[in-house]
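**Q** Chains as they are written, first to last, in numbering that gives the first Met the number 0: chain A, 0 to 399; chain B, 0 to 399.
Heads up, some of the hints might be wrong.
One copy or two, either will do: identical chains are not told apart, so a pair holds if it fits within one copy or between any two.
Stated by the list, open to error - Straight-line C-alpha distance at most 20 Å; calculated EDC-like pairs for lysine to aspartate or glutamate: (1) Lys210 / Glu24; (2) Lys299 / Asp289; (3) Lys52 / Asp267; (4) Lys37 / Asp47; (5) Lys37 / Asp360; (6) Lys299 / Asp215; (7) Lys254 / Asp215; (8) Lys254 / Glu24; (9) Lys179 / Asp32; (10) Lys210 / Glu147; (11) Lys52 / Glu33; (12) Lys299 / Glu388.
If you're looking for bench data, these hints aren't it; they were derived computationally from the structure.
Small disclaimer: the values here were computed from a predicted structure and weren't measured.
2 protein chains.
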Amino acid sequence: MFKVAILGFGVVGSGTGEVLLMNSEKITHEAGDEVELKYIVDIRDIDDPRFAKYAVKDFSVALNDPEVTIIAETIGGAGVAYEYTKAALLAGKHVVTSNKELVAKHGVELLEIALKNNINYLFEASVGGGIPILRPIQQCLSANRITEVYGILNGTTNYILTAMSEKGASFEDALAEAQKNGYAEANPSADVDGIDALRKICILSDLCFGKNFSPDLVQPIGIRPVSEYDTKYANQGGYKIKLLGRAVSDEATDKVAVYVAPHLVSSDNLLASVTGVMNGIVVRGNALGDVMFYGAGAGKMPTASAVVADIIDCCRHTKNRKRIMWARGSVEDTFPSANIASRWYARVASPEGTVKKYIPDAEILGGDVSQTGFIADEKTKPEVERQLEPFEVLSLFRVI
Amino acid sequence: MFKVAILGFGVVGSGTGEVLLMNSEKITHEAGDEVELKYIVDIRDIDDPRFAKYAVKDFSVALNDPEVTIIAETIGGAGVAYEYTKAALLAGKHVVTSNKELVAKHGVELLEIALKNNINYLFEASVGGGIPILRPIQQCLSANRITEVYGILNGTTNYILTAMSEKGASFEDALAEAQKNGYAEANPSADVDGIDALRKICILSDLCFGKNFSPDLVQPIGIRPVSEYDTKYANQGGYKIKLLGRAVSDEATDKVAVYVAPHLVSSDNLLASVTGVMNGIVVRGNALGDVMFYGAGAGKMPTASAVVADIIDCCRHTKNRKRIMWARGSVEDTFPSANIASRWYARVASPEGTVKKYIPDAEILGGDVSQTGFIADEKTKPEVERQLEPFEVLSLFRVI
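All chains should be modelled from the sequences, with the hints used to inform the complete structure.
**A** The structure is reproduced here in structure tokens:
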């Protein structure tokens with residue numbers, strides 16, 4: 000019998016409780032023994048009669064109960080969640096979580112504690128919700144030198160960009176609609192400014208390249224700079240605008256660049272077909288080529304099912320912890336993403352003729368008398384900025 | 000130090016050798032110790048100087064060498080491969096393989112031997128080439144009751160169907176082109192008649208639903224019945240024709256239906272965008288919803304990288320074998336796929352007016368004076384056949 004405490008009874012926490020009840024037979028079979036909920040720790044009252052009996056307000060009850068060997072941390076944030084996780088790991092309890100902020104910021108320290116205590120700290124649900132991604136990278140792609148990982152990591156922004164693309168809406172109107180439909184928060188900054196996507200791509204980078212890349216090292220670019228003109232010109236050229244998180248390893252130096260920014264995605268890339276709140280993540284291996292993982296990147300039950308899968312994995316690995324670890328990294332291990340060469344989409348405040356005069360091989364996507372959207376040849380960021388010096392640049396996104 | 004023998008030095012076997020050399024540093028890191036190739040068993044001579052030194056013609060040399068603890072079986076087929084695999088497992092050696100025919104036919108017996116000897120029999124490469132799929136199902140989706148798994152499991156047929164769709168080619172012309180370009184064998188039957196896809200969907204079914212579904216229980220339908228008219232009408236309606244393997248679990252009875260057949264896939268299903276030789280596999284969980292795995296489903300290096308990932312997993316699990324197992328199944332555990340209700344595409348030798356007369360709500364996709372392609376409402380197969388009794392039916396495919 001394995002006894003579990005859930006910390007935080009919000010969306011993912013209550014979903015975790017529901018999955019444990021709904022699929023208890025399957026879970027027992029997979030874990031090799033019964034998995035029983037013992038406590039739900041939340042400062043708020045729990046009204047749901049299925050769960051009220053587990054409620055405690057004081058974390059130390061769960062922490063000090065030797066029967067509880069697995070903690071599901073679904074509080075979120077890097078405050079009390081950090082404190083509780085550290086305490087649980089130091090007390091020799093396995094911890095599983097969906098908390099991307101905590102893993103991105105303090106993962107390396109928490110993994111070190113877990114390693115020292117020969118217990119598990121697992122966080123499949125922190126990236127891509129229920130999509131299996133961290134474990135496949137860790138295990139299935141282990142024979143590959145991974146060179147790059149990138150993807151649509153935030154469902155809210157993809158929902159907004161899809162609405163802009165399909166309805167020709169402005170960013171403001173599409174955001175308002177997303178908020179009305181419950182897909183965006185009243186304060187949407189963590190999503191639309193790319194902060195959430197940055198945390199996730201940092202975790203992916205840590206896992207793929209073995210060294211911690213701190214989200215503090217880069218400033219994400221969100222989707223506010225995407226105008227309805229960009230969407231229109233992209234569509235005309237057969238592209239879709241997607242907010243991508245991307246991590247690239249330089250083979251010669253082993254240094255890593257991580258960034259988040261809008262991209263024009265060509266229609267022959269499957270990510271262009273990932274619409275609405277769905278997520279898609281591409282991993283490139285030197286033997287494998289590209290593989291993509293696709294599914295609901297958020298949502299109560301999908302995310303909870305990943306939390307519970309990690310609980311099951313803790314049951315299976317009580318003695319021999321899962322080999323999941325990365326080293327401390329520093330700015331020395333990174334290189335600026337501006338140095339990555341790519342094609343670029345630019346929208347400039349000049350008519351097509353002026354663009355053609357300065358950049359004869361520009362691929363014109365669309366425009367009018369006041370502006371032109373076009374694609375320029377493969378270049379680093381400083382190079383394309385030099386090329387665009389004659390223009391007033393309204394938008395500048397990479398093409399992938 | 001882990002010592003490995005490769006059985007069979009064909010495409011996947013030589014790729015396995017190359018991945019072991021190319022990524023040896025990464026592999027050592029992941030396995031926790033050096034992984035060294037000791038023998039390559041093949042009755043043919045090996046000319047490549049990098050590998051000639053490992054060549055032996057007699058399997059018993061590898062079998063009787065106590066230093067060799069891991070065998071990579073890349074012979075293929077269910078003849079000598081079966082015999083060697085059984086001998087290796089009985090001798091207490093871990094076996095990894097890309098051999099879908101052997102796993103589909105004899106997996107349950109070989110897994111039983113592996114379980115008894117507390118060793119691993121792993122076969123990630125047998126489905127989807129390098130795409131991580133079996134392990135994510137086994138581990139990441141463990142908290143879900145899986146209700147369905149389906150996908151594009153054969154690259155050759157997808158290449159042919161893509162050519163038919165994009166160029167309006169006939170099946171015969173598209174097959175000839177695929178053969179010319181090395182994507183189809185001189186005798187293409189295993190691919191175009193759905194035999195390869197059936198083996199793979201049986202393995203997926205075994206793993207998802209826990210009981211062996213023998214490929215002998217069903218007759219696959221391949222892509223020979225797909226005409227250029229079907230492709231044309233499908234395109235006109237916004238669908239793509241794809242050969243899908245599909246396994247569905249009936250919740251009430253826990254019985255499973257498995258089949259392989261061409262389908263019309265709606266453009267809002269990401270599988271419709273999987274073109275050329277690529278594979279895409281959708282898994283549906285009761286908590287998770289749908290996730291999709293996408294990548295190169297075949298090819299030397301991708302498949303070999305999955306074989307080597309399994310070798311690494313054997314190194315990590317020398318004492319505590321991976322929990323991968325399914326029970327013996329029989330026809331009692333199955334139900335006929337004809338009982339699954341779905342929408343249907345039919346092409347009949349009648350003009351549109353006649354179709355409308357008998358089936359007023361038919362969604363007409365296209366046609367001419369001699370024939371009509373249309374979509375009929377959700378029905379089981381016997382029901383749709385009854386509905387189509389007034390017609391000469393030229394094609395009948397499910398819509399998904």
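**Q** Against each hint, give a clear statement of whether it holds in the structure.
**A** Status of the hints after comparison with the structure:
1. In the homo-oligomer, the alpha carbons of Lys210 and Glu24 lie at most 20 Å apart only across protomers (16 Å), although the nearest pairing inside one protomer, at 39 Å, exceeds that limit.
2. For the homomeric pair Lys299 and Asp289, the shortest alpha-carbon distance between copies (14 Å) is at most 20 Å, but the shortest distance inside one copy (29 Å) is not.
3. Proximity of Lys52 and Asp267 under a CA criterion of 20 Å is satisfied in neither setting, with 53 Å inside one chain copy and 43 Å between copies.
4. For a Cα distance limit of 20 Å, the shortest separation of Lys37 from Asp47 inside one copy, 15 Å, qualifies, whereas the shortest one across copies, 61 Å, does not.
5. Neither within a single protomer nor between protomers do Lys37 and Asp360 lie at most 20 Å apart by alpha-carbon distance, with minima of 66 Å and 55 Å respectively.
6. In this assembly of identical chains, Lys299 and Asp215 lie within 20 Å of each other by CA distance neither inside one copy nor across copies; the values are 28 Å within and 40 Å between.
7. Only within a single protomer do Lys254 and Asp215 lie at most 20 Å apart by alpha-carbon distance; the minimum there is 17 Å, versus 52 Å between protomers.
8. Taking the shortest alpha-carbon separations for Lys254 and Glu24, only the inter-copy value of 17 Å comes in at or below 20 Å, while the best intra-copy value is 46 Å.
9. Taking identical chains as interchangeable, the C-alpha atoms of Lys179 and Asp32 are never at most 20 Å apart, the minima being 44 Å within one chain and 55 Å between chains.
10. Proximity of Lys210 and Glu147 under a CA criterion of 20 Å is satisfied intra-copy only: 14 Å inside one chain copy versus 38 Å between copies.
11. For the identical chains of this complex, Lys52 and Glu33 are intra-copy neighbours only, at 19 Å inside a copy versus 52 Å across copies, given an alpha-carbon limit of 20 Å.
12. For a Cα distance limit of 20 Å, the shortest separation of Lys299 from Glu388 qualifies neither inside one copy, at 48 Å, nor across copies, at 47 Å.
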